[in-house]
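Residue-level listing of the chains:
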Amino acid sequence: MLHASAWRKAVGTLRFIAFSWAIGYGRRADLAPCVAIRHPGQVPQSGTRAGIQKKCDSIGLLLDSGSRPARRGSSGMTGLAKGGFYMLEINDLWVDVNGEQVLKGVNLTIPSGETHILFGKNGSGKSSLLMTIMGFRRYKVQQGRLSFKGQDITTMTIDQRAKMGIGLAFQRPPSIRGVKTRDVFNICNSNSVSCVELAGKFEFSGLMERELNVGFSGGEMKKSELLQLLLQDPELVMLDEPESGVDLENLEILGKAINKLLQKYLWRTRAKSGLVISHLGFILNYIEADTGYVLMDGSIHCRGNPRELFKGIQRHGYRECIQCQR
Amino acid sequence: MSEVRRNRAAQAKDKKAAFGTDVDLLQYQLLADHEGDALDLEALTQEDRDKIFQSGVDLEEKGRAGTFLQADHRIVHCAVKQPGLEVLPMAQALEEYSWLEEYYWQAVDVDADKYTAQAELHFQNGYFIRALEGQRITTPIQACLYMKHENTAQNVHNIIIAEEGSELNIISGCATAPHLQSGIHIGISEFYVKRGAKLTFTMIHDWAEEVMVRPRSGIVVEEDGLFLSNYVCLKPVHSLQMYPTTRLTGPGAVARFHSILVAPPGCELDIGARVVLEAPHTRAEIISRAITTGGVIKARGHLKGLKPDVKAHLECHGLILAEEGIIHAIPELEAHTAGAEMSHEAAVGKIAEEEIEYLMARGLTEEEATATIVRGFLNVQIEGLPPELQAKVDQAIEESEMSML
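Chains as they are written, first to last, in the numbering used here: chain A, 36 to 361; chain B, 8 to 412.
Any given hint could turn out to be false.
As the list claims (entries may be wrong) - Under 8 Å between C-beta atoms, here's a sample of chain A residues computed to sit facing chain B:
# : residue
1 : D194
2 : K198
3 : P208
4 : I222
5 : Q267
6 : R350
Just so you know, these hints were derived from the structure itself, not from any lab.
Don't be surprised by glycine CBs; every beta carbon is placed ideally from N, CA and C.
Please construct the entire structure, taking both the sequences and the accompanying hints into account.
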C-alpha cells in the first residue's frame, strides 16, 4: 500500500506536469517551428522549393513564412518592455575581433519576458554575440546598432550596460587571484540578498572564501556564474553554455538557479528576458524557451521553435539547417 | 673578542655591498650621545605619534605585551607588561648578559659590507627581545625605530631570541618624522629561534622619499622551530636593499617570508630572502607581491637545499601599474641533493584586461575593478599571523591603495 505522503507527492507531480503543459506547449501551439532567415542577395530557388520544404518539414523546419514568432496571447502581454520597447534589439550587427569578422549582419529582437536560444557549432559566433552585447572592448562593432529597452547601447561601457540590467554568465570566467568569491558576490549583490543564505541553498558555501575560480571545477565555475547573476538580478539574462562541464547532480541545482533567474514559473508576469547559448540542449528542460536560432559563420540562419530546432539539429546536424533555406 | 670584531669592521668600512646602490656614508651626520633633542614619550608631538601609529606601533600600548621605541640614537620608551618576556635596549642587555656575546654578530657577519661595519663602529643601541623558555607570549610586542633628525645615520643592532618552546609575536615599525627628507637607516637584526619555538616578525616600513635603508638580518632556526616574517613597504623610500639569510639548522625547522611591496616613482626596492635548508625535513617558503607605480623593484629569492627531504617554494608576483615601472624577479633554486623538492613561480605584468572587464560586467567601473584586483593582489593571508597583526597589515594596505590609484 502506498503511503499517504507518497500519494500526495504523486498527485503533486501530475499537477505540475499538467501545469507545465498548459503554460508551455499550449502556449506554443500557434508557433511556427522554424523560420529560415533570408539573407540579402540570397534568392530562394522556386523550382526546388517544394522539395526542400518537404525535407525541412521532416526535420521540423519551415521555410520563411514571413511571420514573427507569436507572442503570448493568453497573458495579454505585448512583449514590449516598459515604455513600449523591446528588451533587446539588434540591427544589422557586424563585429570584428582582432581584424577577424566574427558577426556578419546579425538581426535579433527579444521581447520582454521571452527567452531565446542560440544554437550553432563552435566558432559560429554565439559567444561573440553575447560578448558584444555585454560590451567587451575586443569586440569592435563595425556596423549596426544594439539597443536595450529602447536605448542605444552600442557605445556604452560594460559597467553602464550592467547597471542598466544586462547580465552575463561567462562560459569561461577568468580566475582572479586574491579576490575572494564572497567579495565578488557582494559586488554583484544589488538587492542586499544574503549571499551566505543563497550560497547555502545552492551548495556553494564551501567556495565562498576561496579565490574566485582559482582551482574551481567546471561545474563550480558555472554555479558561481549563475549565483552571481541571481544576485545581480539583471533584466536581460545571458547564459553562455551554462550546462557544459556540469555533472548530472549539479545540473539539477543549476537548472533551479536558471529557473529562478528567468522566472520560469512566473509566466503571467514574467519580465525577465533571456539569451542563452546551448550546445547540448539540456537547458531546454530547465527554461521556457520561446525562440531558437541557428548561428552559422557569424550570421543567423534559422529561427524557430527551439525544441523542434534542436531535434532537427540532433537528427541532421547544423549543415541541413542551412541547406534548408537555399 | 670585541677587539677582533672592531678590527674586522674597520677593515670593511668601505666595502661595497653585493647588491643595491652604493651609499656614501660620509654624507650623513653621526649623532653623538649629547646631540639631538632628548625625547620622552610625553614630548612626542601628535604628528610623531600618528606616523609611529601608522607603522603599526600603538603608543597607548593597548593589547601589547611590551614596547620599545627609539628615536634617532636615543631610547624613548622601553616597557614590558608580561612575565617571561624581556625587552631591553641593546646596550643595557650587553652589559647585563655576558652570554649575549654568543649571539652578537653570530647570524650576520660584521664585515659583510660597509653597513654592517658602520653598525659596529658607530653602535647606537637597538633592542633586545627575548621570550624565556616555554613562555608563549601571544600578545604582540611592538618595536619602533624612528628617525627624526634630518640627514643623519641611524645604526641599530637588534637581537631577538625565542628560547626553547616559546612564542613571540613582534610588530616592528620603522618610520621617519613627517618633515624629514633624507637620512640612512642601518639595522642589524639577529634572530634565534630555538627548539620548538615560534617567532613571528611583522615589519611595516614608512620612510621618506630621500631615505636610504640598509637592513642586515640573519636568522637561525633550530629543530621544529618556526620563523615567520612579514614585510610590508608601501610608502616611498629612495632606496632600500636587504637580503636576509636564514639557516634552518634542525630537522622540522620552518621559515616563511611574505613581502608586500609598492614602489612609487623614484623608489628602488631591492628585496630578497635566502633560506639555507641545512637539515632534513625542513621547509621554506618565500612569497612576494610587488607593485610598481613607476619605481624599480628587484625581488630576489634564493633557496638552498643541502639535505634530502626538504621542501621549499619561491613565488613572486608582480604588477606593473605604470609604463615606466620596472619589476625584476630573480629567483634562484639550488639543490645539493636528489631529495630536495624545490619550486618557484614568477609572473610579472599588467593586470589582465579580461579580469577588469569581468568585474565591469558585474557593475564596477574600470577604476573600481582595477582597485578590487589590486587589493586582492596585495591581500596575502598570512598563515599563522595573529589576527591583530593581520589587521595592521590590512590597514596599511588599505591606506596605501588610496594614494596608489
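Okay, the hints, checked on the actual structure:
1. The restraint placing A:D194 at the interface with chain B holds, with a minimum CB-CB distance near 4 Å, inside the 8 Å limit.
2. Contact between A:K198 and chain B, as hinted, is supported at the beta carbon level, the nearest pair being about 6 Å apart and thus within 8 Å.
3. A least Cβ separation of about 6 Å between A:P208 and chain B falls short of the 8 Å threshold, and the interface hint therefore holds.
4. Because the beta carbon of A:I222 sits about 5 Å from the nearest beta carbon in chain B, less than 8 Å, this interface hint is met.
5. The interface hint given for A:Q267 is met, as the beta carbon of that residue sits about 6 Å from the closest beta carbon of chain B, less than 8 Å.
6. For A:R350, the shortest C-beta to C-beta distance to chain B is roughly 36 Å, which exceeds 8 Å, and the interface hint is violated.
Comparing the model with each numbered hint stated earlier shows that hint 6 is the single one that does not hold.
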